[in-house]
Amino acid sequence: NAGVTQTPKFQVLKTGQSMTLQCAQDMNHEYMSWYRQDPGMGLRLIHYSVGAGITDQGEVPNGYNVSRSTTEDFPLRLLSAAPSQTSVYFCASSLLTGVHSPLHFGNGTRLTVT
Amino acid sequence: AQTVTQSQPEMSVQEAETVTLSCTYDTSESDYYLFWYKQPPSRQMILVIRQEAYKQQNATENRFSVNFQKAAKSFSLKISDSQLGDAAMYFCAYRSAEDNNDMRFGAGTRLTVKP
Chain A
1 NAGVTQTPKF
11 QVLKTGQSMT
21 LQCAQDMNHE
31 YMSWYRQDPG
41 MGLRLIHYSV
51 GAGITDQGEV
61 PNGYNVSRST
71 TEDFPLRLLS
81 AAPSQTSVYF
91 CASSLLTGVH
101 SPLHFGNGTR
111 LTVT
Chain B
1001 AQTVTQSQPE
1011 MSVQEAETVT
1021 LSCTYDTSES
1031 DYYLFWYKQP
1041 PSRQMILVIR
1051 QEAYKQQNAT
1061 ENRFSVNFQK
1071 AAKSFSLKIS
1081 DSQLGDAAMY
1091 FCAYRSAEDN
1101 NDMRFGAGTR
1111 LTVKP
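If you read the sequences in order, they're chains A and B.
Its first residue numbered 1, the first sequence is counted upward by one per residue in this note's numbering.
Its first residue numbered 1001, the second sequence is counted upward by one per residue in this note's numbering.
Among the hints, erroneous ones may be present.
Not everything, but these chain B residues come out facing chain A in the computed CB check (under 10 Å) [unchecked claim]:
id, residue
1, Gln1039
2, Gln1044
3, Met1045
4, Arg1063
5, Gly1085
6, Ala1087
7, Pro1115
Between beta-carbon pairs, the in silico distance windows are [as the list claims (entries may be wrong)]:
id, chain 1, residue 1, chain 2, residue 2, range
8, A, Gly51, B, Pro1115, 41 to 51 Å
9, B, Gln1014, A, Asn107, 22 to 32 Å
10, B, Gln1056, A, Phe10, 38 to 48 Å
11, A, Ser18, B, Glu1017, 30 to 40 Å
12, A, Leu95, B, Thr1060, 35 to 45 Å
13, A, Gln57, B, Gln1044, 39 to 49 Å
14, B, Thr1003, A, Gln57, 38 to 48 Å
Derived from the structure by calculation, the hints contain no laboratory data.
Glycine residues also receive a C-beta, built at the ideal position from the N, C-alpha and C atoms.
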């Protein structure tokens, strides 16, 4: 019963490096999203997808890219890491409609950019 | 855009006592969903309780209940018989029924449970 699987759990990058955060879900959810969590600011939406081949920007998309080639996978790419991207990142998924659509979260990735 | 406000950055409660966490939101929509999530030190986000705006009855899940006041745009969480394991960050969240892509979170309330 995996749910949402997010890797890695921790990552340290140097400014300018690139990396991809992986996210996979096995619940056949249409909706997938990436959030970042910063102290005192709650969770803010970076990018989201409502199905394979469809992605869109959230509240704080700058510096991040996403793609959705399959229903299961939704990777987040940092092309040139900056210290401002130091944060905890969460992948989440849900059904698209109805009261039974709370977000199911991965366990998060703590990213530090030096 | 909808906003969610949690005005209590930190709260504390004595074990076995009751505590209420506040949440207000701003929206012009009539249909939406509200959620409370718990984030223990493990960092995992755990759904505590959910409420649909069209339902008058307040949601209850064991020791957790909400006081949903639609006109006041208020959605508080009451934890009864507090346990040490309830210590965590609690996030209030709003999800639009018209635009499911729009889910907003409050800044969170850190709850400490004193033995």
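Comparing the hints with the structure gives:
| no. | hint | result |
| --- | --- | --- |
| 1 | Gln1039 | holds (9 Å) |
| 2 | Gln1044 | holds (6 Å) |
| 3 | Met1045 | holds (4 Å) |
| 4 | Arg1063 | violated (19 Å) |
| 5 | Gly1085 | violated (18 Å) |
| 6 | Ala1087 | violated (18 Å) |
| 7 | Pro1115 | violated (26 Å) |
| 8 | A/Gly51 - B/Pro1115: 41 to 51 Å | holds (48 Å) |
| 9 | B/Gln1014 - A/Asn107: 22 to 32 Å | holds (31 Å) |
| 10 | B/Gln1056 - A/Phe10: 38 to 48 Å | holds (45 Å) |
| 11 | A/Ser18 - B/Glu1017: 30 to 40 Å | violated (50 Å) |
| 12 | A/Leu95 - B/Thr1060: 35 to 45 Å | violated (23 Å) |
| 13 | A/Gln57 - B/Gln1044: 39 to 49 Å | violated (26 Å) |
| 14 | B/Thr1003 - A/Gln57: 38 to 48 Å | violated (19 Å) |
Hints 4, 5, 6, 7, 11, 12, 13 and 14, counting from the list given before, are not met by this structure.
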